[in-house]
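Using the sequences provided together with the hints, build the complete structure.
There are 2 protein chains.
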Amino acid sequence: MKCKRCSEKAAIKLRSHNAAFCKTCFLFVFERNVERSIARDEMFTYDDRILVAVSGGKDSLALWDVLHRLGYTTEGLYLGLGIGTYSKASQLRTEEFAQQRGLHLRMVHLEEEDDGVTVPDAAQFTRRAPCAACGTVKRHHFDRAADEGGFTVLATGHNLDDEAARLLGNVLHWQIPYLAKQQPVLEPTHARFVRKVRPLYRTSELESATYAFLRGIKYIVEECPNSRGASQILYKEILNQLENEMPGTKLTFLTDFLKHGRAAFAAQPGGQLGECERCGMPAMAEICGYCRLVAEVDRRRSQAMAHA
Amino acid sequence: MKCKRCSEKAAIKLRSHNAAFCKTCFLFVFERNVERSIARDEMFTYDDRILVAVSGGKDSLALWDVLHRLGYTTEGLYLGLGIGTYSKASQLRTEEFAQQRGLHLRMVHLEEEDDGVTVPDAAQFTRRAPCAACGTVKRHHFDRAADEGGFTVLATGHNLDDEAARLLGNVLHWQIPYLAKQQPVLEPTHARFVRKVRPLYRTSELESATYAFLRGIKYIVEECPNSRGASQILYKEILNQLENEMPGTKLTFLTDFLKHGRAAFAAQPGGQLGECERCGMPAMAEICGYCRLVAEVDRRRSQAMAHA
Numbered sequence: 001m002k003c004k005r006c007s008e009k010a011a012i013k014l015r016s017h018n019a020a021f022c023k024t025c026f027l028f029v030f031e032r033n034v035e036r037s038i039a040r041d042e043m044f045t046y047d048d049r050i051l052v053a054v055s056g057g058k059d060s061l062a063l064w065d066v067l068h069r070l071g072y073t074t075e076g077l078y079l080g081l082g083i084g085t086y087s088k089a090s091q092l093r094t095e096e097f098a099q100q101r102g103l104h105l106r107m108v109h110l111e112e113e114d115d116g117v118t119v120p121d122a123a124q125f126t127r128r129a130p131c132a133a134c135g136t137v138k139r140h141h142f143d144r145a146a147d148e149g150g151f152t153v154l155a156t157g158h159n160l161d162d163e164a165a166r167l168l169g170n171v172l173h174w175q176i177p178y179l180a181k182q183q184p185v186l187e188p189t190h191a192r193f194v195r196k197v198r199p200l201y202r203t204s205e206l207e208s209a210t211y212a213f214l215r216g217i218k219y220i221v222e223e224c225p226n227s228r229g230a231s232q233i234l235y236k237e238i239l240n241q242l243e244n245e246m247p248g249t250k251l252t253f254l255t256d257f258l259k260h261g262r263a264a265f266a267a268q269p270g271g272q273l274g275e276c277e278r279c280g281m282p283a284m285a286e287i288c289g290y291c292r293l294v295a296e297v298d299r300r301r302s303q304a305m306a307h308a
Numbered sequence: 001m002k003c004k005r006c007s008e009k010a011a012i013k014l015r016s017h018n019a020a021f022c023k024t025c026f027l028f029v030f031e032r033n034v035e036r037s038i039a040r041d042e043m044f045t046y047d048d049r050i051l052v053a054v055s056g057g058k059d060s061l062a063l064w065d066v067l068h069r070l071g072y073t074t075e076g077l078y079l080g081l082g083i084g085t086y087s088k089a090s091q092l093r094t095e096e097f098a099q100q101r102g103l104h105l106r107m108v109h110l111e112e113e114d115d116g117v118t119v120p121d122a123a124q125f126t127r128r129a130p131c132a133a134c135g136t137v138k139r140h141h142f143d144r145a146a147d148e149g150g151f152t153v154l155a156t157g158h159n160l161d162d163e164a165a166r167l168l169g170n171v172l173h174w175q176i177p178y179l180a181k182q183q184p185v186l187e188p189t190h191a192r193f194v195r196k197v198r199p200l201y202r203t204s205e206l207e208s209a210t211y212a213f214l215r216g217i218k219y220i221v222e223e224c225p226n227s228r229g230a231s232q233i234l235y236k237e238i239l240n241q242l243e244n245e246m247p248g249t250k251l252t253f254l255t256d257f258l259k260h261g262r263a264a265f266a267a268q269p270g271g272q273l274g275e276c277e278r279c280g281m282p283a284m285a286e287i288c289g290y291c292r293l294v295a296e297v298d299r300r301r302s303q304a305m306a307h308a
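So the protein lines, in turn, are chains A and B.
Residues 1 to 308 in our numbering are what the first sequence spells out, letter by letter.
Residues 1 to 308 in our numbering are what the second sequence spells out, letter by letter.
Keep in mind that a hint or two might mislead.
[To be verified] Chain A regions said to be covered by chain B (calculated; three or more residues, Cβ under 8 Å):
| hint | region |
| --- | --- |
| 1 | 160-173 |
| 2 | 239-247 |
| 3 | 250-264 |
Keep in mind the hints are simulated off the structure, nothing from the lab.
For each residue, glycine too, the CB sits at the ideal point set by N, CA and C.
Right, here's the structure in full:
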């Protein structure tokens with residue numbers, strides 16, 4: 001099999017693109033595809049200060065690597081979620097990556113924060129599923145770090161598989177408000193929010209893993225231990241089966257949604273955001289979702305201690 | 001395991017309902033569920049004359065059986081599609097069913113009609129997939145028979161699995177006009193059309209198969225030979241996997257769509273229907289889709305004969 005671009009011997013076959021590439025051309029094509037997504041959706045320019053949320057996994061490190069190579073102004077943000085050895089290993093990978101490139105990495109450790117609550121604590125002391133609690137915790141700290149650091153854009157490593165699985169989940173339950181909001185660029189709805197972008201939304205999990213491997217990026221291969229049995233994993237498997245039978249399904253599903261489907265779910269009138277009385281970040285109610293979670297953990301933890 | 005209704009020994013377990021039933025109670029519950037769908041969606045009353053499209057399969061015969069038992073005024077319509085031994089066997093099952101119950105069965109044989117075109121001919125002489133051609137052919141003859149026979153309602157045996165698979169296909173490709181129209185009751189858009197209803201849309205394939213079996217209805221078990229490899233089959237498999245992991249998924253997917261999703265796809269302005277110049281049935285263009293299909297088959301067949 002030959003490389004589609006240079007006709008040298010191919011190293012990687014991408015069924016979804018019906019094409020194969022040599023190593024050099026794959027890296028070129030991957031970077032170009034990310035660049036095209038950034039341009040197509042007007043995600044950011046060279047004037048922006050971009051905070052890249054990095055977990056130590058293939059997607060976020062591949063994203064940071066590409067943005068750095070393309071010459072954008074970036075810093076990394078690592079959130080220590082307190083998920084045992086998984087968190088420790090992912091932090092190591094992230095620090096190593098930043099050091100090797102001389103990039104600035106911001107660290108937030110939930111167990112050290114005044115109002116911090118780790119994901120295991122949130123799951124243990126409330127009735128939330130770990131992934132739901134983790135979503136609330138991440139959103140809050142991403143927003144806060146972007147605001148406090150004076151960034152103009154927050155970039156995350158969500159890939160095509162993530163986005164298609166999320167879309168399938170939203171569609172299976174007809175979550176209209178979530179469907180109305182699912183897009184690769186979210187404009188800020190409050191002065192203390194920044195624009196949120198997902199530059200990898202058109203490239204697959206396989207592509208970012210291949211990119212990271214070919215660039216010699218050491219990333220944490222294990223999935224988060226909390227994700228076992230999560231419905232997101234099932235949706236990804238289902239979409240992989242469809243992709244296998246009909247290559248291109250994932251990309252069409254997502255991009256046709258963005259082109260034709262999303263507009264149908266007229267965005268809900270969002271309501272005016274105020275400020276959380278506790279942390280000062282934008283909130284729909286007097287207390288934001290994150291601070292409600294923290295308060296609930298504190299209350300239940302005290303109760304548990306009193307009974308112990 | 002005990003029957004949920006009468007506590008006798010259960011014969012059938014339905015995971016999607018998280019319940020088991022004895023034979024008598026299963027038959028009762030199935031009929032009651034069909035009745036409830038008819039009432040909930042105001043499909044028809046005892047004053048209506050209902051034409052039931054029957055294929056000889058489990059769903060359409062189960063439907064006709066239930067409607068007959070509930071005392072509705074029904075006649076059957078069997079379309080001979082000309083699909084070899086499959087069509088012959090399905091016709092036999094249908095005739096047997098009607099005879100045993102003294103019900104009136106209308107027959108239309110495509111190879112005997114003046115403007116008839118069989119599904120194999122349509123597939124051979126045009127570039128349409130057999131299932132697409134079959135859809136056009138069926139719609140035309142169902143509409144015509146209901147109109148000519150003076151019926152007020154046309155009922156088909158589409159079950160929950162059919163409807164959920166169709167919805168998944170429409171969603172994967174974001175077919176907005178199809179999504180806008182997918183509902184269990186379609187009101188007529190022209191004086192020569194009748195209301196179309198799908199009373200089994202909330203009961204699964206497994207339920208109608210069980211009902212037909214317990215009632216001793218002999219139905220054709222084979223799937224249509226054209227359906228092999230059809231994407232509809234893949235979508236059903238996918239939904240069965242989801243159902244297996246999360247019982248109730250199919251019903252929620254479909255009913256939440258009908259409750260919350262469909263309205264978002266504002267029905268396309270339909271345009272005024274005129275009459276087909278060839279067959280006189282309602283049509284968007286001068287010639288209806290069915291007559292265009294027939295003309296295409298005639299033209300290509302003549303060309304093929306001239307070259308032979």
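The hints, checked one at a time:
no. : hint    : verdict
1   : 160-173 : holds (count 3)
2   : 239-247 : holds (count 4)
3   : 250-264 : holds (count 8)
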